[in-house]
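Student: Read off the chains here:
Number of protein chains: 4
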Amino acid sequence: MNKSRFEAFSDGVFAIAITLLVLAFALPQPHLGTNRELATALFAMWPELIAYALSFGVIGIMWQNHHALFRLVERIDRPTIVWNLLLLAGTAFIPFATRTLGEYPAMHASAFLYGLVLTETATCYNLMLNHLIRVGAFDERVSEATLAATVRAYRVGWAVYAAATLLALVLPVASFAAYVAIAVYYLIPRGVDADI
Amino acid sequence: MNKSRFEAFSDGVFAIAITLLVLAFALPQPHLGTNRELATALFAMWPELIAYALSFGVIGIMWQNHHALFRLVERIDRPTIVWNLLLLAGTAFIPFATRTLGEYPAMHASAFLYGLVLTETATCYNLMLNHLIRVGAFDERVSEATLAATVRAYRVGWAVYAAATLLALVLPVASFAAYVAIAVYYLIPRGVDADI
Amino acid sequence: MNKSRFEAFSDGVFAIAITLLVLAFALPQPHLGTNRELATALFAMWPELIAYALSFGVIGIMWQNHHALFRLVERIDRPTIVWNLLLLAGTAFIPFATRTLGEYPAMHASAFLYGLVLTETATCYNLMLNHLIRVGAFDERVSEATLAATVRAYRVGWAVYAAATLLALVLPVASFAAYVAIAVYYLIPRGVDADI
Amino acid sequence: MNKSRFEAFSDGVFAIAITLLVLAFALPQPHLGTNRELATALFAMWPELIAYALSFGVIGIMWQNHHALFRLVERIDRPTIVWNLLLLAGTAFIPFATRTLGEYPAMHASAFLYGLVLTETATCYNLMLNHLIRVGAFDERVSEATLAATVRAYRVGWAVYAAATLLALVLPVASFAAYVAIAVYYLIPRGVDADI
Numbered sequence: 001m002n003k004s005r006f007e008a009f010s011d012g013v014f015a016i017a018i019t020l021l022v023l024a025f026a027l028p029q030p031h032l033g034t035n036r037e038l039a040t041a042l043f044a045m046w047p048e049l050i051a052y053a054l055s056f057g058v059i060g061i062m063w064q065n066h067h068a069l070f071r072l073v074e075r076i077d078r079p080t081i082v083w084n085l086l087l088l089a090g091t092a093f094i095p096f097a098t099r100t101l102g103e104y105p106a107m108h109a110s111a112f113l114y115g116l117v118l119t120e121t122a123t124c125y126n127l128m129l130n131h132l133i134r135v136g137a138f139d140e141r142v143s144e145a146t147l148a149a150t151v152r153a154y155r156v157g158w159a160v161y162a163a164a165t166l167l168a169l170v171l172p173v174a175s176f177a178a179y180v181a182i183a184v185y186y187l188i189p190r191g192v193d194a195d196i
Numbered sequence: 001m002n003k004s005r006f007e008a009f010s011d012g013v014f015a016i017a018i019t020l021l022v023l024a025f026a027l028p029q030p031h032l033g034t035n036r037e038l039a040t041a042l043f044a045m046w047p048e049l050i051a052y053a054l055s056f057g058v059i060g061i062m063w064q065n066h067h068a069l070f071r072l073v074e075r076i077d078r079p080t081i082v083w084n085l086l087l088l089a090g091t092a093f094i095p096f097a098t099r100t101l102g103e104y105p106a107m108h109a110s111a112f113l114y115g116l117v118l119t120e121t122a123t124c125y126n127l128m129l130n131h132l133i134r135v136g137a138f139d140e141r142v143s144e145a146t147l148a149a150t151v152r153a154y155r156v157g158w159a160v161y162a163a164a165t166l167l168a169l170v171l172p173v174a175s176f177a178a179y180v181a182i183a184v185y186y187l188i189p190r191g192v193d194a195d196i
Numbered sequence: 001m002n003k004s005r006f007e008a009f010s011d012g013v014f015a016i017a018i019t020l021l022v023l024a025f026a027l028p029q030p031h032l033g034t035n036r037e038l039a040t041a042l043f044a045m046w047p048e049l050i051a052y053a054l055s056f057g058v059i060g061i062m063w064q065n066h067h068a069l070f071r072l073v074e075r076i077d078r079p080t081i082v083w084n085l086l087l088l089a090g091t092a093f094i095p096f097a098t099r100t101l102g103e104y105p106a107m108h109a110s111a112f113l114y115g116l117v118l119t120e121t122a123t124c125y126n127l128m129l130n131h132l133i134r135v136g137a138f139d140e141r142v143s144e145a146t147l148a149a150t151v152r153a154y155r156v157g158w159a160v161y162a163a164a165t166l167l168a169l170v171l172p173v174a175s176f177a178a179y180v181a182i183a184v185y186y187l188i189p190r191g192v193d194a195d196i
Numbered sequence: 001m002n003k004s005r006f007e008a009f010s011d012g013v014f015a016i017a018i019t020l021l022v023l024a025f026a027l028p029q030p031h032l033g034t035n036r037e038l039a040t041a042l043f044a045m046w047p048e049l050i051a052y053a054l055s056f057g058v059i060g061i062m063w064q065n066h067h068a069l070f071r072l073v074e075r076i077d078r079p080t081i082v083w084n085l086l087l088l089a090g091t092a093f094i095p096f097a098t099r100t101l102g103e104y105p106a107m108h109a110s111a112f113l114y115g116l117v118l119t120e121t122a123t124c125y126n127l128m129l130n131h132l133i134r135v136g137a138f139d140e141r142v143s144e145a146t147l148a149a150t151v152r153a154y155r156v157g158w159a160v161y162a163a164a165t166l167l168a169l170v171l172p173v174a175s176f177a178a179y180v181a182i183a184v185y186y187l188i189p190r191g192v193d194a195d196i
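Chains as they are written, first to last, in the working numbering: chain U, 1 to 196; chain X, 1 to 196; chain R, 1 to 196; chain A, 1 to 196.
Some hints here could point you the wrong way.
As the list claims (entries may be wrong) - So the derived label-pair ranges between C-beta atoms look like this:
1. Leu49/U - Leu69/A: 24 to 30 Å
2. Ser143/U - Leu127/R: 55 to 61 Å
3. Trp46/A - Tyr185/U: 43 to 49 Å
4. Glu74/A - Ala174/U: 40 to 46 Å
As the list claims (entries may be wrong) - Far from chain X, by Cβ distances over 10 Å, these chain R residues were calculated:
5. Arg5
6. Ile50
7. Asp77
8. Glu103
9. His131
10. Val142
11. Leu147
12. Gly157
13. Ala159
14. Leu167
15. Val180
Worth flagging that the hints you see were computed from the coordinates, not collected in a lab.
Ideal Cβ placement from N, Cα and C applies to all residues, glycine included.
Bound-form chain U, shown alone (with noise of 0.2 Å):
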């Protein structure tokens, strides 16, 4: 599999997935008679444009971790093209789960099904990560150093994920702070090795 169509798709994928979390938003039914009415229905979307931004922030992340991931790869063997894939749904499936978080802010259900996509992505992540470590499709200039710190912060990752997605079945609200709280975590520039 040729690694630049490999990570075109991929992007694509991510660049559909993101543009599409604006189906989150849609005009009130029937049609509103007055200014008033508008403005109304407009400002009471403030969960849903919460939800837009934070689903946003983690496509954005994922978009990010998946080329730096993959600058480090060399070769795309068919049960990596099969872990994307899945990656791929979860991600698909993120414009779906926003729409419910954003028009139940508050409910045990769809804040755990938002953290089910997350960590479902993450999952695949993991083992993504995993697969490719043991057939060795690093770059050979990738030092053991870094695929280890790699894993650790995938690790970590998903651990978060978790926690916050069992969070949602205690406390919605809170839960879906600590997603918001994720996303700005690790899109908050910090500085970063890299071998290559």
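Start from chain U and add chains X, R and A according to the hints.
Tutor: The following block gives chains X, R and A in isolation, referenced to the frame of chain U:
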């Protein structure tokens, strides 16, 4: 026709169609009042979820086939473009067939429609392959044995999809299960030989 | 303006518009209870299916034209970008015109709207071509004869679409049939000469 | 971060957002019975059509700006990615703002929302440009004069959009007209200097 622009356009359609699959999921109308109602509504979407996962696998397999085929091809002529458009028209139709199958998982009409679309794409793949062989569009390093094996594999794929489609007229749920089994079979990684 | 990024953006719009055509198909509301009802509802979508296939062909032809034209072009200036945006605005509108034509296949207004959109894109192609010739944007290896033949072909295309559009004011179904006939004519592979 | 993958992802979002604009058009429900009713319904969509054309121009201009800016940039760092995500989040929101403006062309709330989105993207462009200059991310052949001119142009663009947004609180239709005038101004081709 420049091969890279031909592949980029096809990849675009595959990536968009696969991401549009999420439109099979719709939030219940009108707005639900309790967490229990929302949880029940989300649980009731399990046929949609299976149909979503199925079609994600199906389009993912098609994308891989497309890549594997055109990696060996050197020249893209007009008839190839037309066959490819017919193939993409079937692929782009999958989101609707998926939504129908998800909403009506146990009906003959939806399982038959889904199978028809897969059979259409398999037909296009077979006829496009025949054309490519007839006009000698393959890289000269591709052996006769590879081409013959590809033709056989494509014919088997077509026959399997056609059989599952006909099964829909008798046992729709068995047909649905057959689509899933076929997708899983093709997704499981196996050793693959390649000439180039 | 970098030509490859210009082409990639245009190809993106073509690929997305062609894949959004599937949104012309909507499942009947409310949920149907029997297989017979579902089969009847799906059969009743044959005008949508013809409109879908028509528009798939139309956008496919436009994408090929775009490729064939810009393969010969060396420089992309600002006016070319503006003409191209107007062309893409017409292309991106096709999913709505298709849905309208599919739902109202025998009405003057829908057939006229569909023709208007095609005539708009044909107009943009003609004016963009005129501009490209006037500013000498073509590769110097492109002969005068090729340019003259392209101008003629574009004018004929425009006239044919405009005539079919006017026909919609009198005989909408004949106009619909004419759109299909034109698309089939352009899709049938024929020998093509190229300078480079 | 590889610059070409960064640009491809951004171009993908621009292309998808611009093509999703067509979702502002919805067929009237329930199904209309006569050609006159359909023609009337389509004619009544002229505000949607103006909003569609406006947003097509707006996103087209943004895409060009993005290209013109990053053609001069050599290094993409993490803060640039975050600014770019915030910019794309605004861009991907435009289809919803467009639908709102098209359905409520004469209301303060919709014209203000539309302006807010444009002002948000202009703010991101300005802050991203500041960052790129501060960290010296530009190609060394780019002159100080070019950078200073770009900073000025971006500030003027921001001020004009902010002014039109505030105008929406008083005269929504005038604000709508101002958005159109600004887009037409930026789309009209003019001579442009470039260092490289």
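Student: Decide, hint by hint, whether the structure agrees.
Tutor: Here is how each hint holds up against the structure:
The given range of 24 to 30 Å is respected by leucine 49/U and leucine 69/A, whose C-beta atoms sit roughly 27 Å from each other. Judged by the Cβ atoms, the range 55 to 61 Å given for serine 143/U and leucine 127/R holds: they are separated by roughly 57 Å. The hinted window of 43 to 49 Å between tryptophan 46/A and tyrosine 185/U holds, with their beta carbons roughly 47 Å apart. The hinted window of 40 to 46 Å between glutamate 74/A and alanine 174/U holds, with their beta carbons roughly 43 Å apart.
Residue placement check: arginine 5/R keeps its beta carbon more than 10 Å from all beta carbons of chain X (closest about 12 Å). For isoleucine 50/R, the condition that its CB be more than 10 Å from all CB atoms of chain X holds, with the nearest at approximately 12 Å. A cut-off of 10 Å between C-beta atoms confirms that aspartate 77/R is not in contact with chain X; the least separation is 21 Å. Here glutamate 103/R stays apart from chain X, with its beta-carbon at least about 15 Å from theirs, past the 10 Å limit.
Every C-beta of chain X lies more than 10 Å from that of histidine 131/R, the closest at about 22 Å, which supports listing it as non-interface. With a minimum CB-CB distance of about 16 Å to chain X, valine 142/R clears the 10 Å threshold, and the non-interface call stands. With a least CB separation of 20 Å from chain X, leucine 147/R remains clear of the 10 Å interface cut-off, as annotated. Glycine 157/R, annotated as away from the interface, keeps every beta carbon of chain X farther than 10 Å; the closest lies near 17 Å.
At the 10 Å boundary, the C-beta of alanine 159/R stays outside the reach of chain X, the nearest C-beta of that chain being 23 Å off. No beta-carbon of chain X comes within 10 Å of the beta-carbon of leucine 167/R; the shortest separation is about 26 Å. Listed as a non-interface residue, valine 180/R keeps its Cβ farther than 10 Å from every Cβ of chain X; the least gap is roughly 14 Å.
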